[in-house]
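Protein sequence lines correspond, in order, to chains A and B. Okay, so the first sequence: first residue is 10 according to this note's numbering, each after it adds one. Okay, so the second sequence: first residue is 139 according to this note's numbering, each after it adds one.
Just so you know, the hints here were simulated from the structure itself, not pulled from any lab data. There may be inaccurate statements among the hints.
Quick list of simulated restraints, FRET-style, between CB atoms [stated by the list, open to error]:
| no. | chain 1 | residue 1 | chain 2 | residue 2 | range |
| --- | --- | --- | --- | --- | --- |
| 1 | B | Asp145 | A | Ser95 | 21 to 27 Å |
| 2 | A | Val107 | B | Asp154 | 25 to 31 Å |
| 3 | B | Glu160 | A | Lys52 | 41 to 47 Å |
| 4 | A | Lys14 | B | Arg196 | 46 to 52 Å |
| 5 | B | Arg204 | A | Lys17 | 29 to 35 Å |
| 6 | B | Lys228 | A | Ala79 | 26 to 32 Å |
| 7 | A | Ala48 | B | Asn298 | 33 to 39 Å |
| 8 | A | Lys14 | B | Ser143 | 42 to 48 Å |
Taking lysine-lysine pairs in the DSSO-like style, the calculated list, with each CA pair at most 27 Å apart, reads [said to hold, decoys possible]:
| no. | chain 1 | residue 1 | chain 2 | residue 2 |
| --- | --- | --- | --- | --- |
| 9 | A | Lys51 | B | Lys263 |
| 10 | B | Lys144 | A | Lys78 |
| 11 | B | Lys314 | A | Lys11 |
| 12 | A | Lys14 | B | Lys314 |
| 13 | A | Lys51 | B | Lys259 |
| 14 | A | Lys17 | B | Lys289 |
| 15 | A | Lys52 | B | Lys289 |
| 16 | B | Lys289 | A | Lys33 |
| 17 | B | Lys180 | A | Lys78 |
| 18 | B | Lys314 | A | Lys17 |
| 19 | B | Lys144 | A | Lys96 |
| 20 | B | Lys258 | A | Lys78 |
| 21 | B | Lys321 | A | Lys14 |
| 22 | B | Lys259 | A | Lys52 |
| 23 | B | Lys180 | A | Lys51 |
| 24 | B | Lys321 | A | Lys17 |
| 25 | B | Lys321 | B | Lys263 |
| 26 | A | Lys11 | B | Lys321 |
| 27 | B | Lys258 | A | Lys52 |
| 28 | A | Lys51 | B | Lys258 |
| 29 | B | Lys144 | A | Lys52 |
| 30 | B | Lys314 | A | Lys33 |
| 31 | A | Lys51 | B | Lys289 |
| 32 | B | Lys179 | A | Lys78 |
| 33 | B | Lys179 | B | Lys263 |
| 34 | A | Lys78 | B | Lys163 |
| 35 | A | Lys51 | B | Lys321 |
| 36 | A | Lys52 | B | Lys321 |
If you're wondering where the values come from, they're calculated on a predicted model, not measured in any experiment. Heads up, the beta-carbon is just placed ideally off N, CA and C, and yes, glycines get one too.
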Amino acid sequence: MKCEKIEKLLLTDHADGELSPELKDEVARHLENCENCRAVEKKIRSAAIMPFSNVSRPVPPESVWLNIKAAVEPRRTENPVETFLSKLRSALTTKKPVFALATAMVLVVALVSVKAYHDRQERIVSYFIDDQIAFLDSLGNGNGTQAEDIGIPMEDMFM
Amino acid sequence: MINISKDLMFRAARGDMAAFEEIYKISSGYVYAVAYRVTGKKEDAEEVTQDVFISVYRNLRSFAFRSAFSTWIYRIAMNTAINLYRKRSKERGRTVPFDDAMGTKDHAHKGDDASRSLEKKDNEKLVQSMLGCLPEDQRACIVMKDLEGLKYEEIARALNINLNTVRSRLSRAREKLVSLYGKEERP
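Generate the whole structure from the sequences, applying the supplied hints.
See the structure below:
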């Protein structure tokens, strides 16, 4: 392998331990015999890799968590309308068959009630009309209640 | 590496704040570190960390475990940090200079002798200076590789780029660092 290719590997896979075992051996053999590439490797390590190996991980201040908590908590605890709507949404999506059945039953009951009411109203109107027809008939043939014979002539009633 | 159990995520997704706080405790150090190394400012790193965890909380329900939680959170952190860095650069009309170093409070350990503490502080300054001279895309790869210790494949997944792009960005970044810092005598 040529020095140019080795130098590319020294900058990436070799430095980061990502070489396959075969390539690793090949690079190691090359470095044993090539003083120039050994110098390049040393320079890469000292200038571009070693400084990063000795840094501490910074820790976020406590205020960061408090701000996050304040931003997310009100969504669940301080808005009862949102909480109710959220629960309702959840219930509607998670218990769909139960709600569908309940809705169907309510619709059936409502339809039956409307039909029964309508029939009752129709019967009342029908009875009233029959009654009226009977009454008018009785007036027409002189047998009506008000025209009933009371046993004295009409002229005598007012004398 | 961030390791969060599915159970903890499910509980947090159902609104269990204690579970969400546990997730924050486990992963906030990684997010804050990535944000700080990419933006170069403590204030910006705090803003990024807040935005990342608010976003995580609101999207936990839709997380489908197609990728690892660590990949997901690194991706959100990196994107948020790069976007904020670009926004700041645009506002100031130039590249944002990095802070020289974190405060000594963050790094001084009890029992460290003075020379070691000073050496550490110098190294911290050097690292900030090195990262500050790289373009954001190369900086992101260096941070994930050299500071977070991720593998090439993990970096590729987190940044949504292919493996060879990871290699070429690392290669160009290191070439630049060698050209800028390779001649200096290291203590």
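Here is how each hint holds up against the structure:
Between B:Asp145 and A:Ser95 the beta carbon distance is about 23 Å. The supplied range of 21 to 27 Å therefore holds. The beta-carbon spacing between A:Val107 and B:Asp154, approximately 26 Å, falls within the hinted interval of 25 to 31 Å. Range check, B:Glu160 to A:Lys52: Cβ separation about 44 Å, and the 41 to 47 Å hint holds. As the Cβ distance of A:Lys14 to B:Arg196 is approximately 48 Å, the hint placing it in 46 to 52 Å holds.
Between B:Arg204 and A:Lys17 the C-beta distance comes to about 34 Å, which sits within the given range of 29 to 35 Å. For the pair B:Lys228 and A:Ala79, the beta carbons lie near 29 Å from each other, so the given range of 26 to 32 Å is met. At roughly 37 Å, the beta-carbon separation of A:Ala48 and B:Asn298 lies within the given 33 to 39 Å, and the hint holds. The supplied range of 42 to 48 Å is met by A:Lys14 and B:Ser143, whose beta-carbon atoms lie about 44 Å from each other.
Between A:Lys51 and B:Lys263, the direct Cα distance comes to roughly 22 Å. Compliance with the 27 Å bound is thereby established for this hinted pair. At roughly 21 Å between alpha-carbon atoms, B:Lys144 and A:Lys78 fall within 27 Å of each other, so this suggested pair holds. The hinted pair formed by B:Lys314 and A:Lys11 meets the criterion: a straight-line CA distance of about 22 Å does not exceed 27 Å. Among the hinted pairs, A:Lys14 with B:Lys314 is consistent with the structure: their alpha-carbon atoms are about 18 Å apart, no more than 27 Å.
Taken as a hint, the A:Lys51 and B:Lys259 pair is honoured in the structure, with Cα atoms around 23 Å apart against an allowance of 27 Å. Restraint check: the Cα-Cα separation between A:Lys17 and B:Lys289 comes to about 18 Å, which is no more than 27 Å; the hinted pair holds. Only pairs whose Cα atoms come within 27 Å are accepted, and A:Lys52 paired with B:Lys289 is accepted, the gap being roughly 23 Å. Under the criterion of a C-alpha separation no larger than 27 Å, the hint pairing B:Lys289 with A:Lys33 is consistent with the structure, at around 17 Å.
A hinted pair counts as satisfied when its Cα atoms are at most 27 Å apart, and B:Lys180 with A:Lys78 qualifies at roughly 20 Å. This hinted pair checks out: B:Lys314 and A:Lys17 have alpha carbons roughly 13 Å apart, not beyond 27 Å. For the given pair, B:Lys144 sits about 24 Å from A:Lys96 by alpha-carbon distance, which is consistent with the 27 Å threshold. Of the pairs offered as hints, the one joining B:Lys258 and A:Lys78 is violated, with about 34 Å between alpha carbons and a cut-off of 27 Å exceeded.
Pair hint B:Lys321 plus A:Lys14 holds up; C-alpha atoms about 23 Å apart against a cutoff of 27 Å. As the CA atoms of B:Lys259 and A:Lys52 are separated by approximately 22 Å, the hinted pair is consistent with the 27 Å bound. For the hint linking B:Lys180 to A:Lys51, the alpha-carbon distance of about 33 Å lies beyond 27 Å, and the restraint is violated. Proximity of B:Lys321 to A:Lys17 is assessed by CA-CA distance (about 20 Å); at most 27 Å being required, the pair is judged to hold.
Of the pairs offered as hints, the one joining B:Lys321 and B:Lys263 holds, with about 17 Å between alpha carbons and a cut-off of 27 Å not exceeded. Among the hinted pairs, A:Lys11 with B:Lys321 is consistent with the structure: their alpha-carbon atoms are about 25 Å apart, no more than 27 Å. At roughly 21 Å between alpha-carbon atoms, B:Lys258 and A:Lys52 fall within 27 Å of each other, so this suggested pair holds. Between A:Lys51 and B:Lys258 the CA atoms are separated by roughly 21 Å; this keeps the pair inside 27 Å, and the hint holds.
The hinted pair formed by B:Lys144 and A:Lys52 fails the criterion: a straight-line CA distance of about 44 Å is larger than 27 Å. For a cut-off of 27 Å, the pair hint linking B:Lys314 to A:Lys33 stands: about 24 Å separates their Cα positions. Pair hint A:Lys51 plus B:Lys289 holds up; C-alpha atoms about 22 Å apart against a cutoff of 27 Å. Between B:Lys179 and A:Lys78 the alpha-carbon distance is near 23 Å, which keeps this suggested pair within the 27 Å criterion.
Only pairs whose Cα atoms come within 27 Å are accepted, and B:Lys179 paired with B:Lys263 is accepted, the gap being roughly 13 Å. Restraint check: the Cα-Cα separation between A:Lys78 and B:Lys163 comes to about 13 Å, which is no more than 27 Å; the hinted pair holds. Only pairs whose Cα atoms come within 27 Å are accepted, and A:Lys51 paired with B:Lys321 is accepted, the gap being roughly 12 Å. Between A:Lys52 and B:Lys321 the CA atoms are separated by roughly 9 Å; this keeps the pair inside 27 Å, and the hint holds.
In summary, the structure is inconsistent with hints 20, 23 and 29 from the numbered list given earlier, while agreeing with the others.
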